[in-house]
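Chemist: Sequence:
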Amino acid sequence: MTNNKISTVQQHQLAVIGAAILDPAACKDTVQRLTPAMFEEGPYRQLFAAIKLQLDTGHNVDAVILERMLGADFRPLIVLAAETVPTISHVQDYEALVMEDYRKRLLLELAAKISMNPADSDTICRDLSEALKEQDHLRRESVDANVKDFAEVWDETLHWLQQPDTSVRMAWRELDELGLFGEKMVTVIAGRPGHGKTDLALALALRLSNSCQVYYLTMEEDRRKLMLRTMSKLTRINSTRLRDRKLTEEERESLNNAFALIKGHTGMIYDDGTRMTVDDIRARVMKYRPRVVFVDHIGLISDTQQGRKEQERLADVTRSLKELAMETGTTIVELVQLNRVTDRNGGTKKASLGDLRGSGTIEQDADAVVFIESQVDGERQLQGPNDYFDVNLRIPKNREGATGRVSMWWQPQYHEWQPAPDPSENYNEDFAPADHEDIPAGW
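In terms of the UniProt record's numbering, the sequence shown opens at residue 1 and continues consecutively.
It is possible that some hints are incorrect.
Each pair of labels, with its calculated beta carbon distance range [as the list claims (entries may be wrong)]:
1. Glu-249 <-> Lys-397: 45 to 51 Å
2. Asp-279 <-> Asp-62: 27 to 33 Å
3. Asn-60 <-> Gln-418: 47 to 53 Å
4. Glu-323 <-> Lys-397: 18 to 24 Å
5. Asn-60 <-> Leu-108: 34 to 40 Å
6. Asn-60 <-> Lys-287: 28 to 34 Å
7. Gln-364 <-> Lys-225: 28 to 34 Å
Please keep in mind that the hints were generated in silico from the structure rather than gathered at the bench. Just so you know, even glycine gets a beta-carbon here, dropped at the ideal spot from N, CA and C.
Turn these sequences into a full structure, and let the hints steer you where they fit.
Modeler: Next up, the structure:
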């Protein structure tokens with residue numbers, strides 16, 4: 001009944017079907033606007049037709065009722081649909097995707113018909129005219145689904161305000177207040193190589209994974225190396241000792257203790273897939289349904305069209321990732337290289353949004369941009385195991401909150417980042433770990 005390889009079109013259809021199964025009342029209007037013909041012929045169409053029949057006749061819809069109507073063979077598809085839908089609140093977005101897929105299918109079928117069946121020009125023009133009328137009707141239906149008057153939008157927003165807060169936070173007040181990880185957001189973290197982008201992204205991902213599912217895609221290093229960074233951060237074992245496997249028994253015990261403490265308290269998923277395309281990332285998001293996605297880094301995402309310039313490729317990548325965030329409600333965090341021009345004058349040139357390497361659409365498609373500003377140039381050496389670099393995170397763009405700077409401390413020897421304490425508060429000048437029996441250092 002189901003296939004391990006699910007196409008993008010099938011994902012869109014499953015999202016609508018799953019939403020209708022989980023919350024029929026909220027999806028009734030969507031089901032009424034769509035028709036079974038818009039779904040793939042076979043089980044997908046049959047399942048949607050059963051849902052539509054139930055709702056159109058005023059009856060209830062749930063997994064048990066649908067299985068009774070269609071038979072036990074449909075159980076895997078029903079379960080898959082319920083598990084696939086990212087969030088019910090975006091059902092109108094899924095509806096628009098199904099409608100768009102259907103419109104494309106009609107046009108392709110017409111093109112195939114014209115090419116396969118010889119006909120005079122008048123017949124072809126008549127067929128094209130009818131197709132354009134149908135396309136215009138479908139376009140109006142799709143547009144109307146997303147157009148609401150003032151009162152409707154007011155009621156929707158008021159209802160949203162009354163729902164529990166689903167924001168994800170890190171318990172880092174300085175960053176939480178900026179609202180960098182809201183639903184449907186794309187946040188860019190940009191910096192020069194060697195200035196701690198991956199360490200910062202990993203620190204953010206680990207803290208966010210305390211309260212939600214986080215998917216971390218690394219295309220620069222394998223997942224073992226990423227886990228070594230994680231181990232160093234959590235145990236404060238120097239990363240060089242971990243790399244060289246020169247550990248004492250005490251350090252090995254520290255690793256075991258750290259794992260025992262956090263194994264049930266993190267929703268972190270590591271992926272070191274190579275030659276990943278945006279479609280591959282979409283498939284992972286639909287399968288694992290993370291709340292936050294980290295892509296390290298977007299310059300390594302593969303192109304599906306050969307021969308394009310880097311700017312064209314990245315423009316397509318950033319646009320597609322933004323669409324994915326909007327469709328699924330996830331936050332997508334993109335790691336981006338800065339242009340080498342920022343290295344001039346000893347790296348003192350302040351980066352601008354135009355310095356994001358590859359394409360101006362990176363900034364245009366982003367809701368927030370974070371620059372890593374540090375003086376890590378090889379001259380400043382760490383003095384002792386608890387020393388750190390002073391680093392600023394500068395936020396020049398933020399659609400959901402304030403812009404400005406956040407002072408941070410970075411310890412590359414432990415791959416650790418922390419907000420710099422308020423000078424008016426008492427703190428340990430050496431950045432030593434706090435005494436806390438319940439959590440590992442750096443968690």
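Chemist: If a hint holds in the structure, say so; if it doesn't, say that too.
Modeler: So, going through the hints one by one against the coordinates:
As the Cβ distance of Glu-249 to Lys-397 is approximately 49 Å, the hint placing it in 45 to 51 Å holds. Remark: the range hint 27 to 33 Å for Asp-279 to Asp-62 is upheld by a beta-carbon distance near 32 Å. Our hint of 47 to 53 Å for Asn-60 and Gln-418 holds, since their Cβ atoms are close to 52 Å apart. Between Glu-323 and Lys-397 the CB atoms are about 19 Å apart, so this pair conforms to the stated range of 18 to 24 Å.
A hinted range of 34 to 40 Å holds for the C-beta pair Asn-60 and Leu-108, which are about 37 Å apart. Roughly 29 Å separates the CB atoms of Asn-60 and Lys-287, a value that falls within the hinted 28 to 34 Å. For the hinted restraint 28 to 34 Å between Gln-364 and Lys-225, the CB-CB distance of approximately 33 Å keeps it satisfied.
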